[in-house]
Amino acid sequence: MALRVCTRELSRDNGVLDSTSQGKLRLALIYGGRSGEHEISIRSAESVKKALNKVKYELSEYFIDKQGKWHPGALLPEPYGNPGIDVAFPMLHGTFGEDGTVQGLLELAELPYVGAGVLASAVAMDKPMTKRLCKEAGLPVVDFVVLTREQAKSGCPHLPFPFPAFVKPANLGSSVGISKVNNCEELKVALALAAQFDRKIVVERGIQGREFECAVLGGDEPIASTPCEIIPSQDFYTYEDKYLLDEARIELPAKLTPDQTSEMRRLAVACFETVACEGMGRVDFLMDGATGELFINEINTIPGFTSISMYPKMWEHSGIGYSELLDRLIDLALERARARHEIQYSR
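The sequence shown: position 308 = 309 (our numbering), numbered continuously.
Hints may be right or wrong, so weigh each one.
Said to hold, decoys possible - Computed list of lysine-lysine pairs in DSS-like fashion (alpha-carbon distance at most 25 Å, straight line):
hint, residue 1, residue 2
1, LYS51, LYS314
2, LYS70, LYS57
3, LYS50, LYS256
4, LYS25, LYS55
5, LYS189, LYS154
FYI, nobody ran anything at the bench for these hints, they're computed from the structure.
Please take these sequences and the hints and turn them into a complete structure.
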């Protein structure tokens, strides 16, 4: 499974370190953040720190607390304003980190960084926007409606599909604020919960069936991993099931036919490209238990990197170990930076 990577032949004249001649690459790991996924970000960052090749990288840490304060201090949003950093690795899940905000800061600072750019980060974080773009591209998504917080307060809304349904904040991950509902009373409670986390709420037709994940890696020519199946211990794959209970089962590789596996990998790459993603992404799928129909559920541009997270596990099963995966992501960040330094922004 080959992947074209950058040799990091970048010069100080272009504002980027030539790591082939200057020793260790100085990497800034950014984690924590203000979102409901703060604790997961910390756990992901700890796993990244342990796996980074100490011979290749000199690590500096930037921790953002729940109030948004940076420790030891914030990065400067200006070119050449952060001389001790060659590449940034944002390991921030959810709002104010995975949604394009930090990516915009790094763009202003002209710092190479791991993962999706501003546009893809913002689009992928917004679940209904992702669904609309996928639908426009001819990719399969479940029926859904979008409600504002004010609309959610006006009683039980009419849904253009039958119960059960899933209610989600439009811009969050790790199953935070998500509920499965079977009637109007449950729907009203779920809308109130989701409204605590976002001004926009998405309600999706419930699919009775199976849940899958597929990892994507790359730049101009992304590749997809072997998919896995998630078998929740609860009614669906909740936050508790993901991070606390340790009772969900994982089938890796997923028990699929060769044709089903091939189609899931194709759709994963297609979704990745549709939202203009770069670097990494984890695409989540639903399969209708009765028809076998496959649906794209969402894409995560900064998937979990904890010791139990499936993104690195899927790549490990596909032949790319955790440490090598980090190397490839960092190389992709430098490759993109080199390409962008060829762009002329002013006369």
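Status of each hint after checking the structure:
For a cut-off of 25 Å, the pair hint linking LYS51 to LYS314 stands: about 15 Å separates their Cα positions. Distance check on the hinted pair: LYS70 and LYS57 sit about 29 Å apart at the alpha-carbon level, beyond 25 Å; violated. Distance restraint check for LYS50 and LYS256: the Cα-Cα separation of roughly 33 Å exceeds the 25 Å cut-off, and the hinted pair is therefore not satisfied. With a CA separation close to 9 Å, the supplied pair LYS25 and LYS55 stays within the 25 Å bound.
In summary, the hint linking LYS189 to LYS154 is supported, as the alpha carbons are separated by about 8 Å, within the 25 Å threshold.
In summary, the numbered hints that this structure violates are 2, 3.
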